[in-house]
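> This is what each chain is made of:
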Amino acid sequence: MKKLSIKAKGAILSLMILIVALLIWHIATVPKVVVNPVTASGSSEYQALMGQGSGGVTVEKSGFPSLTQIGETFYKQLSHPFYDNGPNDKGIGIQLAYSLGRVALGFLLAMLVAIPFGFLIGMSPLAYEAFNPFIQILKPISPLAWMPIALYTIKDSSISGIFVIFICSVWPMLLNTAFGVANVRKELLNVTKTLEVSPLRKAFLVILPAAAPTILTGMRISMGIAWLVIVAAEMLVGGTGIGYFLWNEWNNLSLSSVIFAIIMIGVVGMLLDLAFARLQKMVSYAD
Amino acid sequence: MQTDNTFLKVENLSKSYKLDAPPVFEGINFEIERGEFICIIGHSGCGKTTILNVLAGLEDATGGYAYMTGREIKGPSLDRGVVFQGHALMPWMTTMQNVAFAVKSKFPDWSKQKIAEHSKKYLAMVGLVNAENKKPSELSGGMKQRVGIARAFAIEPKMLLLDEPFGALDALTRGVIQDELLKICGETQQTVFMITHDVDEAVLLADKIMLMSNGPNARIAEIVVNTLPKDRKRASLHRDPMYYPMRNHLVDFLVNRSKDLQVKGSAGELDGYQPIIVRPGIDTPITQ
Numbered sequence: 299m300k301k302l303s304i305k306a307k308g309a310i311l312s313l314m315i316l317i318v319a320l321l322i323w324h325i326a327t328v329p330k331v332v333v334n335p336v337t338a339s340g341s342s343e344y345q346a347l348m349g350q351g352s353g354g355v356t357v358e359k360s361g362f363p364s365l366t367q368i369g370e371t372f373y374k375q376l377s378h379p380f381y382d383n384g385p386n387d388k389g390i391g392i393q394l395a396y397s398l399g400r401v402a403l404g405f406l407l408a409m410l411v412a413i414p415f416g417f418l419i420g421m422s423p424l425a426y427e428a429f430n431p432f433i434q435i436l437k438p439i440s441p442l443a444w445m446p447i448a449l450y451t452i453k454d455s456s457i458s459g460i461f462v463i464f465i466c467s468v469w470p471m472l473l474n475t476a477f478g479v480a481n482v483r484k485e486l487l488n489v490t491k492t493l494e495v496s497p498l499r500k501a502f503l504v505i506l507p508a509a510a511p512t513i514l515t516g517m518r519i520s521m522g523i524a525w526l527v528i529v530a531a532e533m534l535v536g537g538t539g540i541g542y543f544l545w546n547e548w549n550n551l552s553l554s555s556v557i558f559a560i561i562m563i564g565v566v567g568m569l570l571d572l573a574f575a576r577l578q579k580m581v582s583y584a585d
Numbered sequence: 080m081q082t083d084n085t086f087l088k089v090e091n092l093s094k095s096y097k098l099d100a101p102p103v104f105e106g107i108n109f110e111i112e113r114g115e116f117i118c119i120i121g122h123s124g125c126g127k128t129t130i131l132n133v134l135a136g137l138e139d140a141t142g143g144y145a146y147m148t149g150r151e152i153k154g155p156s157l158d159r160g161v162v163f164q165g166h167a168l169m170p171w172m173t174t175m176q177n178v179a180f181a182v183k184s185k186f187p188d189w190s191k192q193k194i195a196e197h198s199k200k201y202l203a204m205v206g207l208v209n210a211e212n213k214k215p216s217e218l219s220g221g222m223k224q225r226v227g228i229a230r231a232f233a234i235e236p237k238m239l240l241l242d243e244p245f246g247a248l249d250a251l252t253r254g255v256i257q258d259e260l261l262k263i264c265g266e267t268q269q270t271v272f273m274i275t276h277d278v279d280e281a282v283l284l285a286d287k288i289m290l291m292s293n294g295p296n297a298r299i300a301e302i303v304v305n306t307l308p309k310d311r312k313r314a315s316l317h318r319d320p321m322y323y324p325m326r327n328h329l330v331d332f333l334v335n336r337s338k339d340l341q342v343k344g345s346a347g348e349l350d351g352y353q354p355i356i357v358r359p360g361i362d363t364p365i366t367q
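Just so you know, the protein sequences line up as chains A and B, in that order. Residue 514 in this note's numbering is what sits at position 216 of the first sequence, and the numbering runs on without skipping anything. Residue 104 in this note's numbering is what sits at position 25 of the second sequence, and the numbering runs on without skipping anything.
Mixed in with the good hints, there may be bad ones.
To be verified - Result set (DSS-like, lysine-lysine): computed pairs, CA atoms no more than 27 Å apart in a straight line:
#	chain 1	residue 1	chain 2	residue 2
1	A	K491	B	K309
2	A	K491	B	K88
3	B	K191	B	K237
4	B	K199	A	K491
5	B	K214	A	K484
6	A	K500	B	K199
7	A	K484	B	K287
8	A	K491	B	K213
Claimed, not checked - If you want the footprint, here are the derived chain B segments under chain A, 3+ residues with CB under 8 Å:
#	stretch
9	131-144
10	155-166
11	174-187
For the record, the hints were derived by calculation from the structure and aren't laboratory data. Idealized CB from N, CA, C, for every residue including glycine.
Construct the complete structure from the given sequences, taking the supplied hints into account.
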C-alpha cells in the first residue's frame, strides 16, 4: 500500500470528524414519534382543535434545524447571494460585502495612523515613553465600549461601525510596528550610518523591510480582531452587514439562517487570515 | 609631529562607560600612514572594537581626538568603509542589492546600469559573481563575509576598518579570504585598520601590529613593525627567518606582558605614555 503523507492523512481524518459530527447532529434532530397518552381518555374534539387528532400519534419535531433544513438554507442563500428585496431582505453576498467594506475602511484608516505613528514611537525612545501610558490604557478597552461615544459624536451608525473597527485594529498594528522598528538589528543601522544613508532612504529601504514581518503580524492580529468586532458592532447598529443579518434571522426565529450566517463568518474570517498569512510570507526573510 | 604622510592620527583617546569605573582604555596615541595595513591585537575587553567604532564615527570617545587627513572624525562618513564582525548584510536583499545599496549611497547620481557594473566589479573581486542573486541566508559564512568586504571596497573609501572579519570562519576559508584581502589591498593601496585575535593573521596581513595591554586602563603598549618582506604569502610565511621572532614576540606579549601596563596605568604612572616601536628579529636578538 502506498504511504500517505501527513497532510493527506490529516485531510482524511478531518473529513471523518466532519462526518461523525454531522451524524450526531442528524441523530439529535431526527423527528420523534410520540404516542400521546391523553388520547385514550381525553376529548378527541379538543385534541383535533389542537392539531393532534391523528389517531393519538404525533411527530415531535426538534426545534433545532435538521441537516436537510440547513442544506436547504445553504442552497437557497448561496444560489442567489446578491438579491435585494428591500432593507430587511438582502442576499448574503450583499451583507458580507457591507461588513467587509466597513472592515476594509476602518482597517485602512487604522493602518494610515498606526504605521507612521508606530514608526515614530519605535524610532524615538522619548516618544515611546510619552505615549506608552495612553496606549496601555486605551488598548484593553473593548472596542464596543466606544460605541456610545462614537454614536453621540459622529451621529451616523454606519460611520460609528467603521470607527469601532478603526479603534480595535489600531493597537496591535501600532504596537507591532513600534516593536519591529525599535528592534531593527543595530548592526544594520550602523551600516546605514557608515554609508551616510539619508533618513528617507533609511526608513523605506532598511527599517521598513526589516520591520515588515513584525508589522504584518500586527496587521494580521488586527484583521482577526476587526472581523470579530464587526459582527458584534453590526448587531448593535443594525441596518446592513452580516452581524445585522444574523441578528435579524434570530428575530425571525430562523435558526438555520443563523447557523448559515455563523458558518459564513467563519469562512470569511479564515480567508482573511489566509490572505494575511500569504502577505506575511512575502515580506519575511531568513536571517 | 604631523608629517605629510600621516593619514590618521589619534591623540590621547580614552573611553569610560561609567563615571565611577576606570576607563576601558586611556592615553591611546598612534598614527597611521597612507596605504598602511594596521592590525590591532589585544585580549577581550581592552576596547579594540570601541577604538574602531570611534574611528568609524559610530561611537564617541570620552576624551581625546581622532583626525583623518587633518580633520577631526565626528560621526560616520563614506570616507571610511567598515566591515562588521557579523557581516551585517541586509537579509532581504540579494548579494548584488546589498553592494548596490552601498554604491548608490556613495554615488547617488549614477545611473542604475553604472551602479550595477560597479557593484559587479567588486563582487567579481571577491569571487562572487555567480552568487549575485542569492540572499545572504543562502550563502556560507565565508561568502557572506566576502560580500561585506566587497560592499566596503565598493564605496572606494579612503580607509577601511575591519572588525575581526574572519573571527567566525573556519581555518580553510579564512586562509582563502586572507589571501584575497592581501591581494586586493596590494592592488588598491588601501589604508586598513583591522582588529584580529589571530597572531598569524596579523603577521601575514599587517605592516604594523599594535599591541594593546589588558583593560581596564588599556593602552597601546607596543607598535610592532612587521619585519617580514612585503610580498609574504600564506604558504611560505612560516619558512621566513623573521617569522618566528615575529610570532614569538607577539605571543609573548599576549601571554606574559599584556598585564604589566595595566598595573602601572591604574596607579597613574603612565601619563604621556607613548608606545614602544619594536622590530622583532632586528632590534631584539633572535632567541631560540
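> Hint by hint, where does the structure go against what was stated? Just the numbers, ascending.
1 and 7
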